[in-house]
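The chain contents come next:
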Amino acid sequence: MYGTTAKILRVDLTNGTIETQTLSEDFYRMYPGGKALAGYILLTELPPHTEPFSPENVMVFANGLLTGAPVSTATRYVVSARSPLTGGYGESEAGGFWGPELKMAGWEAIVVKGKAPKPVYLWVNGDQAEIRPAEHLWGQMTAEVQESIRSELGDDKIRVLQIGPAGEKLVRFAGITNDLRHFNGRNGLGAVMGSKNLRAIAVRGNQRYQSLAYDAKTLMAIGGKLAKTVKENPLSWDLQERGTPGLVEPLNTGGILPTRNFRQGAFENVDEVKWEMYEKTLLTARRTCYACAVRCKREVAVEGRESPYGGPEYETVGAFGPNCGVSDLQAIAKANELCNAYMLDSISCGATIAFAMECFEHGLLTLEDTGGLDLRFGNAEAMLQVIELIGRREGIGDLLAEGCKRAAEKIGGDAPFFAMQVKGQELAMHEPRGKFNVGMGYAISEIGADHLVVAHDTAFAKPEAIQLKAAAPLGITQALPPRSLGEEKMEMFYILERWGSLEKVTGFCFFGPAPRSFIPPEDVLQSINAATGWNISMDEALTIGERATNLARLFNAREGFTRKDDTLPERLFTGLENGALQGQAIPRDEFEQSLTILYQKKGWDPQTGLPTPEKLRALGLEWAIDVVSSNQ
Amino acid sequence: MKLYAGGHVTFYMPGRKHTLEISLSEPTPLREVLARVGIPLPEVALTAVNGELVEAETAIVSDSDQVRVFSAVNGG
Chain A
1 MYGTTAKILR
11 VDLTNGTIET
21 QTLSEDFYRM
31 YPGGKALAGY
41 ILLTELPPHT
51 EPFSPENVMV
61 FANGLLTGAP
71 VSTATRYVVS
81 ARSPLTGGYG
91 ESEAGGFWGP
101 ELKMAGWEAI
111 VVKGKAPKPV
121 YLWVNGDQAE
131 IRPAEHLWGQ
141 MTAEVQESIR
151 SELGDDKIRV
161 LQIGPAGEKL
171 VRFAGITNDL
181 RHFNGRNGLG
191 AVMGSKNLRA
201 IAVRGNQRYQ
211 SLAYDAKTLM
221 AIGGKLAKTV
231 KENPLSWDLQ
241 ERGTPGLVEP
251 LNTGGILPTR
261 NFRQGAFENV
271 DEVKWEMYEK
281 TLLTARRTCY
291 ACAVRCKREV
301 AVEGRESPYG
311 GPEYETVGAF
321 GPNCGVSDLQ
331 AIAKANELCN
341 AYMLDSISCG
351 ATIAFAMECF
361 EHGLLTLEDT
371 GGLDLRFGNA
381 EAMLQVIELI
391 GRREGIGDLL
401 AEGCKRAAEK
411 IGGDAPFFAM
421 QVKGQELAMH
431 EPRGKFNVGM
441 GYAISEIGAD
451 HLVVAHDTAF
461 AKPEAIQLKA
471 AAPLGITQAL
481 PPRSLGEEKM
491 EMFYILERWG
501 SLEKVTGFCF
511 FGPAPRSFIP
521 PEDVLQSINA
531 ATGWNISMDE
541 ALTIGERATN
551 LARLFNAREG
561 FTRKDDTLPE
571 RLFTGLENGA
581 LQGQAIPRDE
591 FEQSLTILYQ
601 KKGWDPQTGL
611 PTPEKLRALG
621 LEWAIDVVSS
631 NQ
Chain B
1001 MKLYAGGHVT
1011 FYMPGRKHTL
1021 EISLSEPTPL
1031 REVLARVGIP
1041 LPEVALTAVN
1051 GELVEAETAI
1061 VSDSDQVRVF
1071 SAVNGG
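Line order of the protein sequences matches chains A and B. Okay, so the first sequence: first residue is 1 according to our numbering, each after it adds one. Okay, so the second sequence: first residue is 1001 according to our numbering, each after it adds one.
Watch out, some of these pointers could steer you wrong.
[Said to hold, decoys possible] Keeping only pairs whose Cα atoms sit at most 30 Å apart, straight-line, the calculated DSSO-like set for lysine-lysine is:
#1 K280/A with K297/A
#2 K462/A with K1002/B
#3 K1017/B with K615/A
#4 K601/A with K1017/B
#5 K231/A with K1002/B
#6 K469/A with K1017/B
#7 K1017/B with K225/A
#8 K1002/B with K225/A
#9 K297/A with K217/A
#10 K225/A with K564/A
#11 K1002/B with K115/A
#12 K231/A with K1017/B
#13 K1002/B with K280/A
Read the hints as simulated data drawn from the structure, not as lab findings.
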């Protein structure tokens, strides 16, 4: 078998045992890594209704098929477990260097079960693995722990994946970092790792992906061509030039910059937080992930010194900036540092603080509740203090560490209206009242509000635009307005969702393949085929993506999720308070009708939102039909 | 007029600089200005003239105007 190491490292922390599993080619072609492999393992090995923080929860760290290949943006791996934030299928992807290093060490995935009696970390050195004590690391910030592990193992090239103090304290939106700059932020999976007393997984490998490939020469040629293309394509050029913080001003101009907990779509102090200010006051350098020519990562100075944690992405600028009413870019960069030191998901953390600010302004939280903090929108100092309280689960931070949905239920009154979440996960910093397919993605995603389900509507608004033309090989040729729903828009969604899911299976970044970025779909397929020798078609590729999505949906079906959970926060059905889209809302009836259309396209029952037996058979998932029938 | 390009339309600006000063002797359709600069109109998703949203296809601009054009804003 080509393109894969075909090996899974299985670790039982309760017993301290480590084993190797070898995968067959027939199996791997059905579930070729990442989201597909993780979904299969969770669905078949995790007992239904397992409490997320119990030792029985299963954690999967799964590389994509192409993770580590010499192709720009093929760097990502998936972490998966039952989510303590949503109670459903938990998943979060990250780039960086850890996934490729794991592949170079000879492993496609690590599956962790049980709970260590005391804090430990896992050391994977090529084909050898051992569980080592980590009591001396417990409670330390992530930068200190990375340095300690590299020092005690005597190799500064070791790649360290780890949680921070927030994961140890079971903050429900605690994340996982690798190299301090790349994050499996979403779904609270850092807290699951913390519940297992597993602080870190350190990895060192010396294999090269090319040695696994069916046709290494072709794979190298594709990678070389794409590396040259990065600077010639406007989309990837802009990602390299500005990175994601470049989104701030155009979103504001379009009236879709989430502001003050999604009440507003424009921020009056946008000039203080837009890219030019970031470049002038924070930026020190540009960085990248393994073998990626895009170089969208940013290095920044915070409090007059180089930050060890990299710079804030757009999501972080948005979450702690406009969405909290904060216009102090230094404070936003500090918030980014704190999140990465404690290892909190900066999206959920910022969104939960924005929620708390709105509760405070409505008297639902008082000075007594906040420990004297004046938690009004715009108070950057209070925001920074609350991040630390959340990271330590102290004071008001203990309540907010539950995420905005659970916190709202405890606060009561109008608080649930202010909780901008789906399935318990906070919205990312993309305003769906201006991008209806983004709203559909928030609603339907198995992991709760996720902004990476489909390429955003705005890319397909104009005929002749480069992104629409780049989507033609996927079957998308018609321009459609961002604020539209209906049959044609749902067809677009259905195609883009399968393509996006394929990216999460194969290890591609959202900033790699067209239509979001620069890699033509045919080069994605050629890369897969050069790696594996499979000669897969576009149809098979989209089916692989769709199968992975259905595995996640089946997991949620087993946990009791149905159509009623595929919804949006009530606020989104009301009008924006300001900006270019002032007064605009998502039309509820049309949204529900389009959800039905989408279910039908996906082969899901319109009443329940669950896969039909016919669909599961078509995807080769007939073995899972009982999962749905037992739910009904 | 002063032209600012945000997002990937900056790619089409001379020298890939985000700002450009352009002399206009009379009010001119923005689409003509953009064509002169080399920015393809289909790539312009949002246009603000002196802080007001306008349609790039129909806007008329003058020498004293501040014009900001942006590509479609993508996620991620």
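A quick look at each hint next to the structure:
For the hint linking K280/A to K297/A, the alpha-carbon distance of about 16 Å falls within 30 Å, and the restraint holds. Simply put, K462/A and K1002/B have alpha-carbon atoms about 25 Å apart, close enough for the 30 Å limit, and the pair holds. For the given pair, K1017/B sits about 51 Å from K615/A by alpha-carbon distance, which is inconsistent with the 30 Å threshold. Distance check on the hinted pair: K601/A and K1017/B sit about 44 Å apart at the alpha-carbon level, beyond 30 Å; violated.
This hinted pair checks out: K231/A and K1002/B have alpha carbons roughly 26 Å apart, not beyond 30 Å. Restraint check: the Cα-Cα separation between K469/A and K1017/B comes to about 25 Å, which is no more than 30 Å; the hinted pair holds. Straight-line distance between C-alpha atoms of K1017/B and K225/A comes to about 26 Å, which keeps the hinted pair within the 30 Å bound. A C-alpha spacing of about 37 Å is found between K1002/B and K225/A, which places the hinted pair above 30 Å, so the restraint is violated.
Proximity of K297/A to K217/A is assessed by CA-CA distance (about 29 Å); at most 30 Å being required, the pair is judged to hold. For the hint pairing K225/A with K564/A, the CA-to-CA distance comes to about 46 Å; that exceeds 30 Å, so the pair is violated. Taken as a hint, the K1002/B and K115/A pair is broken in the structure, with Cα atoms around 62 Å apart against an allowance of 30 Å. In summary, the hint linking K231/A to K1017/B is supported, as the alpha carbons are separated by about 14 Å, within the 30 Å threshold.
For the hint pairing K1002/B with K280/A, the CA-to-CA distance comes to about 20 Å; that is within 30 Å, so the pair holds.
The earlier numbered hints that this structure contradicts are 3, 4, 8, 10 and 11.
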